[in-house]
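Just so you know, the numbering used here puts the end of the sequence shown at 421, numbered straight through with nothing missing.
The hints are simulated quantities; they were obtained by calculation from the structure and are not laboratory data. If you're wondering where the values come from, they're calculated on a predicted model, not measured in any experiment. Warning: the hint list may mix true and false statements.
[Claimed, not checked] Straight line, CA to CA, 30 Å or less: simulated DSS-like cross-link-like pairs of lysine-lysine:
1. LYS382 <-> LYS399
2. LYS377 <-> LYS397
3. LYS399 <-> LYS377
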Amino acid sequence: MNVLVRESATGKEYWDNEAKKNRFVPHGTEPDFEVTTDPETMIHKGLKANVTINVDMATGKDFTAINGKVVDEVNDPDLESMKVAQLKEYAAANELEIPNEIKTKKEIISFIDSQLFSDDDDEVLPV
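Make a model of the complete structure from these sequences and hints.
Now the structure itself:
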């Protein structure tokens, strides 16, 4: 399985999941291999946000981006430490509209958890 991981002015970089290496295709040429788009094995099924898990090649550290914003940890964000206003901003950034009947911090956290982080299958993702 070959998955597009990065595009630049010079070309596209694909991850070859079987050979465990990157494959580079220069700009203006087509890959000579089959490209898999949105592979189910690389997408977290319970998360409704656009999540990217990647490695910073300069530092070698893993990072995660949720809807294009890099988060410090690969783990779920600490919703408990956020204030109600921050939770509402977080929900809006993840394209969630909190219903009017949900008022308390506990209810908002529960709503966000149910919409973004439902882990019905307890799937462990490879890093």
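Structure-based check of all given hints:
no.: 1; hint: LYS382 <-> LYS399; result: 10 Å, holds
no.: 2; hint: LYS377 <-> LYS397; result: 12 Å, holds
no.: 3; hint: LYS399 <-> LYS377; result: 8 Å, holds
Violation of the numbered hints given earlier is absent; every hint is satisfied by the structure.
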